[in-house]
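*Asks:* Using the sequences plus the hints, can you model the full thing?
Protein chains: 4
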Amino acid sequence: MSCNFGNNIKITVFGQSHSEAIGVVIDGLPAGFKIDTEKTAAFMARRAPGQNDLSTPRKEADEVKILSGVVDTVTCGAPLCAIIENTNTRSGDYDKLRLVPRPSHSDFAAMMKHGGFNDIRGGGNFSGRLTAPLCFAGAVCMQMLEEKGIHIGAHIASIGMANDEKFDPVNVNKADFKKILSKPFPVINDKQGELMRKEIYDAKACGDSVGGTIECAVVGMPAGIGDPIFDGLENRISAAVFGIPAVKGIEFGSGFEGSKLRGSRNNDGFTAENGETKTLTNNHGGILGGISSGMPVVFRCAIKPTPSIGMQQQSVNVETLENQELVIGGRHDPCIVPRAVPCVEAAAAVVIADYICK
Amino acid sequence: MSCNFGNNIKITVFGQSHSEAIGVVIDGLPAGFKIDTEKTAAFMARRAPGQNDLSTPRKEADEVKILSGVVDTVTCGAPLCAIIENTNTRSGDYDKLRLVPRPSHSDFAAMMKHGGFNDIRGGGNFSGRLTAPLCFAGAVCMQMLEEKGIHIGAHIASIGMANDEKFDPVNVNKADFKKILSKPFPVINDKQGELMRKEIYDAKACGDSVGGTIECAVVGMPAGIGDPIFDGLENRISAAVFGIPAVKGIEFGSGFEGSKLRGSRNNDGFTAENGETKTLTNNHGGILGGISSGMPVVFRCAIKPTPSIGMQQQSVNVETLENQELVIGGRHDPCIVPRAVPCVEAAAAVVIADYICK
Amino acid sequence: MSCNFGNNIKITVFGQSHSEAIGVVIDGLPAGFKIDTEKTAAFMARRAPGQNDLSTPRKEADEVKILSGVVDTVTCGAPLCAIIENTNTRSGDYDKLRLVPRPSHSDFAAMMKHGGFNDIRGGGNFSGRLTAPLCFAGAVCMQMLEEKGIHIGAHIASIGMANDEKFDPVNVNKADFKKILSKPFPVINDKQGELMRKEIYDAKACGDSVGGTIECAVVGMPAGIGDPIFDGLENRISAAVFGIPAVKGIEFGSGFEGSKLRGSRNNDGFTAENGETKTLTNNHGGILGGISSGMPVVFRCAIKPTPSIGMQQQSVNVETLENQELVIGGRHDPCIVPRAVPCVEAAAAVVIADYICK
Amino acid sequence: MSCNFGNNIKITVFGQSHSEAIGVVIDGLPAGFKIDTEKTAAFMARRAPGQNDLSTPRKEADEVKILSGVVDTVTCGAPLCAIIENTNTRSGDYDKLRLVPRPSHSDFAAMMKHGGFNDIRGGGNFSGRLTAPLCFAGAVCMQMLEEKGIHIGAHIASIGMANDEKFDPVNVNKADFKKILSKPFPVINDKQGELMRKEIYDAKACGDSVGGTIECAVVGMPAGIGDPIFDGLENRISAAVFGIPAVKGIEFGSGFEGSKLRGSRNNDGFTAENGETKTLTNNHGGILGGISSGMPVVFRCAIKPTPSIGMQQQSVNVETLENQELVIGGRHDPCIVPRAVPCVEAAAAVVIADYICK
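Protein chains in written order, with our numbering: chain A, 6 to 363; chain B, 6 to 363; chain C, 6 to 363; chain D, 6 to 363.
Everything labelled a hint here was simulated from the structure, so no lab data went into it. Predicted model, so just to flag it, every value in this text is computed and none were measured. Hints are not guaranteed to be accurate.
Where chains are identical, the list cannot tell them apart; a pair therefore holds if satisfied intra-copy or between any two copies.
Here are the simulated DMTMM-like pairs of lysine to aspartate or glutamate, each with C-alpha atoms no more than 25 angstroms apart in a straight line [said to hold, decoys possible]: (1) Lys188 - Glu199; (2) Lys171 - Glu262; (3) Lys363 - Glu151; (4) Lys183 - Asp67; (5) Lys203 - Glu281; (6) Lys179 - Glu324; (7) Lys101 - Asp77; (8) Lys101 - Glu278; (9) Lys39 - Glu68; (10) Lys283 - Asp173.
*Replies:* What follows is the structure, given as structure tokens:
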């Protein structure tokens, strides 16, 4: 089973790329919260395809229809179900893939799991399209968190070999997030952004794709949230973020770089500031022992290059077990990273709200 | 809540560093499995402190007492509870820490969560000592997996700036694991191992500590195990591995490096080999769409430098809110990485058994 | 949180009586199962209102729309979401109830839980209407169980003071179920059925309502299914059956009657029959130590009289805290028991499938 | 899996009748709560055998040893593990039962589930002895609830055909509980108690056993606690209470009797009293729509006669599949009901604390 997440605010994602609809049930929302549907729509628009020349020309309206859980737009304590009807699907593109799995897609693994009964059309329930309901849930959670002074933001940290600046892990704040949000290409340093965009254009020009990383921060986080061992912030955030297809790595604070350091350099000394205990640096990424320290929670995740590329690839006909060349048709993003930015924020929001908004 | 993990084989870890005992309940073990207690003891000995000049001189007997769940040493279908009594604790060392939290330890976060009632002695339930019951559970799971032809092994991939070779992600096998196990310092390339050991000695000589990375592989994994979205192999393995204190990052397959590549370079083409479909390369780390592809599952995790160092650090007296210098006494590992190797294997074993041994 | 059930086949029920739609997500269905939608429709028709002169004149089409989880009608391993759009709602009837809670309805308790933000229209998510998605899930589970030779059937065991015969707990079989299903009023003994119908007519004639009991049996159940302590068949079945609004009691086997007996009379001796071990009697209701014995699982549940009655009742204006007389309008069942029969079967099916169809 | 219960305060019960120890892990206890160990011991003594001439002459010390989760006796936020070592076991008594299952015991079902590997000694993990750790957990939960003004009490409601008075469901209070607690035989009406005791003596005199019922009430319960559908008070309480071996039925409020009534007689009108909304009667047992109404929660459960009797019974040799007469030796309670009273209270306490003490 795979579609459930959360202990207090439990989300259940459903749908396939080409099924009637995709959607999410959110159980455990406190009653009496007014959802700002314009804000959720704006949030989801950041994930939607077809926004610019860097993403797939597919248009997905992604119009959310709330079936339950609200009276007008105010939560009533019942599980909220929201769906997005699937339109503009061209299932024909995928027919030949049933026998010849696409490299680095889920096709082969899904076939092995489901004995060939998996829905191959558009990647079925393995499609990145399933991040749309995640984004809806995340948008609702984020609104609730904002009422509590907690803000979440992310930016593209790298595309291919081009890197953005990093968040200042001690001082990052919601003004930083707002600034990034105002840009069509969500980075901190626009010059670096140009290099990153070039990576995508260059890959696209070859019918190729490219990966990247996303950095996300949660600010206004109170200290003392989380748990040690199996249910801490790192465990929970990573479990949610790996729910976004194509994520292959995650690190908190100084992460892999920190593992190269000595303790004297990586440790974050404490200091008293305005009656509060803070850390001077934030190599711990706001999490100690699985519990928030009150410093910004900062993590980065690695997104693999889109596996759908226009170039010829080697595959196998799973019936005849003969090697076979494959060229994938259809319409695909040369780089999924820009559209994944709100998905990462949504995953973080769902986790934090689960701890905080119960 | 934090001490539970698993859906089918559910483990519940308990204990504090200086409580009467630490332990684990393992529920869902199939009845009729004979546990090889010598093998579990040998596995746990790899984690135990005091083995050589690189680790803390503390001796922990780590003798496991099985309270329930077996008749003789054969599982009977009832939950297995195993405990390790705590001995040789020197609680006095920790008294002053209640007011002055140690940098990059859980002290401050735990205090904020539990209103100061957390057990500060030896790090309480945030202690690395809690990985001993995890290792016991992992050792039992590993024995069950081995009966099914699934083997798990890990090595130190880096210490500070010194790196080991990586596993060959396509051909890694249990003979590789056996070879690593035979060495006192678990690396692939012994020459590199010497550089890595030097990193630890050098840090220790300064009263400092150093971090590193561990690479782990699961071989013999059947294809089709796992789930998309929230309950896939990546979600579950990461959730378990972050249960090991000091882990701050995880990546699967080509991970963060892969995010710099183009699709044409990172994609893993398929090939038919002896009637089976395999991939030519394994940048996907054996996992596609959250589900095993049949290739080795390969992941790496980042371990931060031990936060306990002998050097003077800056902290705060949380009562007076005055800054205060802190020097930590007690006996500590200059590098936790070598002892964390079996812990990472154990975390992987617990996850894989949860899917496979139900 | 309340809308999730199950460990392996997990169902998530959503919707309110007057929301856009009600529905269910079923996660964990094995891929490749062809759902017989005519059979699910026939099953749900047994629950639908407006069937005869004994139930509410409200018409609910209860047409199920499957949004995901199938390709054509074959499960594909993705979560199945099915919805029923709400039509023919007359929300106006309920407006005055916001301040003056209906006796023995959920209105007051829901208001206290949700600070008055609960959806009062038609009982919101406390409505018996939410058993429609449960019935859909149950119908799907039942089809899967039938393929494994497991059959579930129920009958009205009593209405008011009039009682039906009981199932023969040793020999009950699917032919018995078929016979009951062929009747418009699902009882074993039709003469007693007439007395039971009279109880309903008489209550209805006074603007009153009446309760009753339902007996359910699961036959073809293999021995060895279940668990002791908290996750046995009795725990799970009762947890599911209390999910049907108006259920106030449940008993397995000889139940409350058995508590009056001596062990020598209540114990079920074993006998060998055709190479199988069976019990001579079945006072244990097919469950010993939480685990199936291989005998039919038999349980009965108590359904309270419909709380909505046409007579004047005493209530309180929760704002002014003044006592106030209340007469409930709207269209209501004088007895919910006949329509609850398939709901009880569905609850049992969901539980048994959760153990068996994983 | 079967040994876990709870969402916020999660208990994990382990052990077999004749294993090294039995015990419980309680996760999620708020830190800073001082456990009154004399009170927990007194509570557990009510369950212990060997107290009087009505129960088994076995002596079980039932001394609880807390292994973790406290500093002194104050909770520290870490999972609390408590064990009771098993002593005074006479395993020899059970040897012949491996092949010839005892009627109405779990022996046969457990054998079918675990392929004969179940621990047959003393009933293994199906033993009533496993209620000792449940009682410990319940005693801790009850202390926390009492601090919040919530009190739980139970009495023997019937033994065989002899009945006690019932609680006044509207006015029952903690003084009633105290009075019952002061009696060696926990009933409301002592004269009836004599008849009930006679039922036990008479059964014992014949080497037979007898069943009964227990009524339990929770007072001081705030309104608004619980959930509709699958996670309401009735679902959760029943799931916990069926965790006590030998329970075969449960009913809330007017329960099965209420199912015979008309709505006009069973409905509970509201009245305003001292600025609070109450019900005039309490046929709903304090629960409406799965949520507490603020009235006392009242339920009754049916306990089957102890299956171990001294008389000859019919069984089967499961290897030869020949019928065989069986006479059970060993030491057994002629009636388990008196010792089950605190177990029922404990089950209720664990459920209510799970909702309230998070």
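*Asks:* Checking lysine 188 and glutamate 199: alpha-carbon separation at most 25 angstroms within a copy, between copies, both or neither?
*Replies:* Close inside one copy (12 angstroms), not across copies (49 angstroms); limit 25 angstroms.
*Asks:* State whether the alpha carbon distance between lysine 171 and glutamate 262 is at most 25 angstroms within one copy, between copies, both, or neither.
*Replies:* Both ways: lysine 171 and glutamate 262 sit 13 angstroms apart in one copy and 18 angstroms across, limit 25 angstroms.
*Asks:* Between lysine 101 and glutamate 278, at a C-alpha cutoff of 25 angstroms, which is it: within one copy, between copies, both, or neither?
*Replies:* So lysine 101 and glutamate 278 pass the 25 angstroms test across copies only (22 angstroms; inside, 63 angstroms).
*Asks:* Is it within, between, both or neither when you check lysine 183 against aspartate 67 at 25 angstroms Cα-Cα?
*Replies:* within (23 angstroms within a copy, 46 angstroms between copies)
*Asks:* Treating 25 angstroms as the Cα threshold, decide for lysine 101 and aspartate 77: within, between, both or neither.
*Replies:* Between copies only: 18 angstroms across chains, 45 angstroms inside a chain, cut-off 25 angstroms.
*Asks:* Since the copies are identical, ignore which copy is meant and state whether lysine 283 and aspartate 173 lie within 25 angstroms (CA to CA) inside a copy, between copies, both or neither.
*Replies:* within (15 angstroms within a copy, 43 angstroms between copies)
*Asks:* Check lysine 39 against glutamate 68 for me: Cα-Cα at most 25 angstroms, and say if that holds within a copy, between copies, both or neither.
*Replies:* Within one copy only: 19 angstroms inside, 31 angstroms across.
*Asks:* Between the shortest in-copy and the shortest cross-copy C-alpha distance, which are at most 25 angstroms for lysine 363 and glutamate 151: within, between, both, or neither?
*Replies:* both (15 angstroms within a copy, 24 angstroms between copies)
*Asks:* From the Cα coordinates, with 25 angstroms as the cut-off, is the pair lysine 203 and glutamate 281 best called within, between, both, or neither?
*Replies:* Neither: 44 angstroms inside a copy, 40 angstroms across copies.
*Asks:* Between lysine 179 and glutamate 324, at a C-alpha cutoff of 25 angstroms, which is it: within one copy, between copies, both, or neither?
*Replies:* Answer is neither: 54 angstroms inside a copy and 30 angstroms across each miss the 25 angstroms cutoff.
Violation of the numbered hints given earlier is confined to hints 5, 6; the remaining hints are satisfied by the structure.
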